[in-house]
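Let the sequences and hints guide you as you build the complete structure.
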Amino acid sequence: MLMDLFDRLFPINRSITGDGVRQSLRILGEIVPIRQREYSTGTECFDWTVPKEWNAREAYVKDSQGRKLIDFADSNLHLMGYSVPFRGSVSREELLEHLHTRPDLPNAIPYMMSYYKENWGFCIEHDRLPEFTDERYEVVIDSELKDGHMTIGEGFIQGASDEEILLSTYVCHPSMAINELSGPLVQTMVYRYLLQKKDLKYSYRFLYLPETIGSLLYLSQHGEELKRRVAAGFVVTCAGHGESFTYKKSKRGDTLSDKAAIHVLKQSGKPYKVVDWNPFGSDERQYCSEGFKLPMGSLMRTMYGEYPEYHTSLDNRSLISEEALLESVQMYVDVIETLEANETYECTHVHGEPKLDKRGLYPYTGGNRTDAEKRRIAAVTNLIAFSDGFADLIDIAEKLNVMGKDLRDPALLLEQHGLLRNVNVVDRLDLAAHWG
Amino acid sequence: MLMDLFDRLFPINRSITGDGVRQSLRILGEIVPIRQREYSTGTECFDWTVPKEWNAREAYVKDSQGRKLIDFADSNLHLMGYSVPFRGSVSREELLEHLHTRPDLPNAIPYMMSYYKENWGFCIEHDRLPEFTDERYEVVIDSELKDGHMTIGEGFIQGASDEEILLSTYVCHPSMAINELSGPLVQTMVYRYLLQKKDLKYSYRFLYLPETIGSLLYLSQHGEELKRRVAAGFVVTCAGHGESFTYKKSKRGDTLSDKAAIHVLKQSGKPYKVVDWNPFGSDERQYCSEGFKLPMGSLMRTMYGEYPEYHTSLDNRSLISEEALLESVQMYVDVIETLEANETYECTHVHGEPKLDKRGLYPYTGGNRTDAEKRRIAAVTNLIAFSDGFADLIDIAEKLNVMGKDLRDPALLLEQHGLLRNVNVVDRLDLAAHWG
Amino acid sequence: MLMDLFDRLFPINRSITGDGVRQSLRILGEIVPIRQREYSTGTECFDWTVPKEWNAREAYVKDSQGRKLIDFADSNLHLMGYSVPFRGSVSREELLEHLHTRPDLPNAIPYMMSYYKENWGFCIEHDRLPEFTDERYEVVIDSELKDGHMTIGEGFIQGASDEEILLSTYVCHPSMAINELSGPLVQTMVYRYLLQKKDLKYSYRFLYLPETIGSLLYLSQHGEELKRRVAAGFVVTCAGHGESFTYKKSKRGDTLSDKAAIHVLKQSGKPYKVVDWNPFGSDERQYCSEGFKLPMGSLMRTMYGEYPEYHTSLDNRSLISEEALLESVQMYVDVIETLEANETYECTHVHGEPKLDKRGLYPYTGGNRTDAEKRRIAAVTNLIAFSDGFADLIDIAEKLNVMGKDLRDPALLLEQHGLLRNVNVVDRLDLAAHWG
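Protein chains in written order, with full-length UniProt numbering: chain A, 1 to 436; chain B, 1 to 436; chain C, 1 to 436.
Note that these hints are calculated values from the structure, not bench results. Computed from a predicted structure; not experimentally measured. Where hints are given, some of them may not hold.
Just so you know, same-sequence chains aren't split out, so a pair can sit in one copy or run between any two.
[Stated by the list, open to error] Capping the alpha-carbon separation at 27 Å, the derived lysine-lysine pairs in DSSO-like fashion look like this:
(1) K52 - K146
(2) K146 - K293
(3) K62 - K227
(4) K198 - K68
(5) K117 - K355
(6) K293 - K358
(7) K399 - K266
Right under this line is the structure:
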């Protein structure tokens, strides 16, 4: 089902504006509720402005015999994004000024765009340049660049608290697989999973944006609210390829997002690496800017720029797999369940250890115990010892080298017995009151 | 002499209450003064209560031919600790419900107890189970479980200051060698050594307790006083076996106890490892609980749970040696002498270096020097350079990679010359005034 | 030219006072302006006092046949520094009490002195002791030890700010090459280089002192001023020998000096090691004493005490090279240029990234870029991302693994575009106003 969805989304000509975005959001909206919001050309967002809306119907280059040497219908990567309308006969020299290739990757169509400067261009395989031997060519670009709108998709699940987890992905790239279709696909599966869960502690927000300008627009309208509400969050991208996971930390580097993601990766037993935040990535560049410093990391597999096919036609279906996508979904779910389970407790018996056997929490007689019994006793005893009102369950799990969410049930048991007191609850109620 | 003492103590049937404890303390009291204190059954200590007093005279299981298959007289480990009185004929099935073995260690009698739930039981080698082929057995347990007292032993040496070093060991295990007899033996030898010392800076307290309930009782009566007085301390246990030392840190992990013990182990040149505090150990679980957070570490050799014979009849004389016990005594003495030597100084000449030659502390002319001279000059020069009123002698010794107590004499020399000022003294006088 | 200078300075008989110092400063003063200051015998500096002035004209030991066995004219190391005048016949036994050798380095004349206790002595190769077979010897020391002056050389370059970089070297050793002539030579070349620079941000002070007593004297007169003015500084010594650089940190260990020097060494690609401050070195012992804690490190090659020829006649021209000296000069210049370039900026656009293409700072269209373009774009983007008003250019360069001073031009460009604000300027103006 995931790959069917992929196959429907892949051929659509997405850009930062235009009907490709709307169509993609409609298809994903069959799976999860996505509200489309439209923002007019010219809307200011900090140092930036929403550009004109762009749509393309047809585009080709014909030689003097009338053969189509390049055709947008074959691959939407052939047309440079935001190419202005053009129709005319051009010399070989003039054409070559508008032809983009990747000499280092000669069988790939490069992905190019010129959002903020009006221009036109075609992208082809470098190996095909020798075909362009004629003196003159007919160029047709039947596109439209005019005042219109930019589209942003948004989903939301209300939890017990107004504190929220923010997932953000982008929908502005034409036919490429790792970057970007793996992002919206994985985010949508995570969203669908959470829709089925009851008793969520956090609220969840899912953004589907045109990269950069979309997150800037959203921050310009909701940034202050996000600063108050976002407890953790991730930019979902590059989630379909490679054996190893990559976690890019938030700019602060020690946020709850970072702690939970790194903890889960470590406990997963799967290969992974952690990289520091840097300003060469996706929307975490905006979310983590000094004015917002949102706790936004990015949990990826092989990341942008680290595979040779990046930003070319070679980043296609053959590079990704349903298995890898689903494993990424599971990793996000594990991180989210860890965040849901995570609480900070304070042991109510501070003078020596509380007596556990009289509460049925410890066997009266020593002896041979099952492994499950041993784990339960270990969890209970450690939770009592290390719940000091500061260390949360993830901190304690790190110390014990166990999965944080596995401490949830023993913690709740001890809370029922009055041995642990949840020191988060008050804050959460306060926040809820604050946000009504 | 140490092994003679061991041989007198080993056969005694100790438990958390009863005459075995009293008899053991009397024997140790021949070496050092130990005051026995009695606490009534029912005395509350935080979440716990002192249980009934238990004593056992005789206990056996006979088969239908009247042969004693199990006899307490052979090993006090055969009778489960705190077994209630019982006398009667039982079926094979009923007997087996009360028989405890260790299938993973088939030639060992396991150590079992049921302090807080009335029950009876016998412990035998797993290999001997096939001997129990009869249909019925005669069981006799001539024990006594009734209101009485729990006994705690305490020794004390008054030093110049009321700040104290606390050593604590436990005397509640029947015939086992590493855990526990090595503990009381090593503590007693350290106590004896300190009795001969004059001019002790710290006071010294030595507790001989039933594990857990004993330290809880002591803390419930003297915990607040200990919080004000204890500068450093150690739970003395598992000190007779293994090539390598183990230091278990206090819960805070950076106390004076931890600093001194790790420093001495490092300088000793002997193999050692350091482990973090955790709630699976001995009385440091109580001493380090959040309400007290006493600076109690534990300096051991091979520790509980890390040798297969732990808590069985195989933990016997063959595993320990007088040499290992005495080496542990020496390590404790070195730690204590390091604490005694440790002071914090401030150099009185802060503008450049003081001139040492005019005070006879440095040769006027360079030239060939003996190693001892070089060490003395190095110590004097470093003490002047690094005594900033914050770094103590252990800190400076760590920086110089020398034994902390070796800096004591050069420091006193510099103090006599007025070049160092001891910044601890005022605090110590204050404390003494406070405690009168 | 550097080795010519070396050859003129080498034979001079320097000590902590006397004409040798004055003559050496005059020779260096041909290259750079050095003001000589004179301080009277008896001037107090903290715990020390300026000693009498010492000069030596002639000194020898003759055997009974009138042969000169030792002659100051052959090497000024033969005469112990500060030897008092003496003329007379002495027995072999008495002579040997005044003869110093190095049995561990039998072909070396040791370097000896007795500044603060009146005495006389000669130093010779240990191998030559068998030549002293006569019963009596004629000893002549035509020296002068009387009230006079101690000489200190000082240079200064006024920069835009009164904050200053302090370089300090010593000129009190007789004929030795690594320790000490490499120090004054390298410092003088750095001084000469800076004299040619315009628009220096910092002021620069260059001290040429007799070791220890000279820095104590200077601190006693100008220490409080230095505390207010010195932003960074280095003791220049042992700069002419060895493949590897050595950086000895300031006592605080995290000063701007330490940060800049270690950063430059790391980026240089040359072998180096970093050692902690300790009280066995040169004038950083005084500069870093608790009363001043100046940020003085020491950037050396093979350091004092780490080569066997140290403080003997074997520390001569053969050990050093013009190439090594000039490489040291370049390393100091790199450190200084890094300090000059280092500023702290704050990005003025904190809400998302500023739009760079509309300012000509980023290409409108993606595509193939030169390495220089990539580096420029990377620098600009990183500076915007990491300039948070706290991280300075060295911090950012460390993060990016590039040379700090290479970030200067991109930072100035961004400052011109109003995207970065220099947060140091105000402080610097304030300081300048303060010092008027």
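K62 and K227: within-copy, between-copy, both or neither at 27 Å Cα: neither (53 Å within a copy, 77 Å between copies)
K399 and K266: within-copy, between-copy, both or neither at 27 Å Cα: This pair counts as both: shortest intra-copy Cα distance 12 Å, inter-copy 25 Å.
Within, between, both or neither, where K52 and K146 count as close if Cα-Cα is 27 Å or less: within (5 Å within a copy, 91 Å between copies)
Up to 27 Å CA-CA - K355 versus K117, copy category: between (73 Å within a copy, 13 Å between copies)
Alpha-carbon proximity context of K293 and K358, limit 27 Å: Between. Shortest inter-copy distance 25 Å satisfies the 27 Å Cα cut-off; intra-copy 49 Å does not.
K198 and K68: within-copy, between-copy, both or neither at 27 Å Cα: neither (56 Å within a copy, 63 Å between copies)
Up to 27 Å CA-CA - K293 versus K146, copy category: neither (34 Å within a copy, 66 Å between copies)
Violated hints, in rising order: 2, 3 and 4; the structure is consistent with all others.
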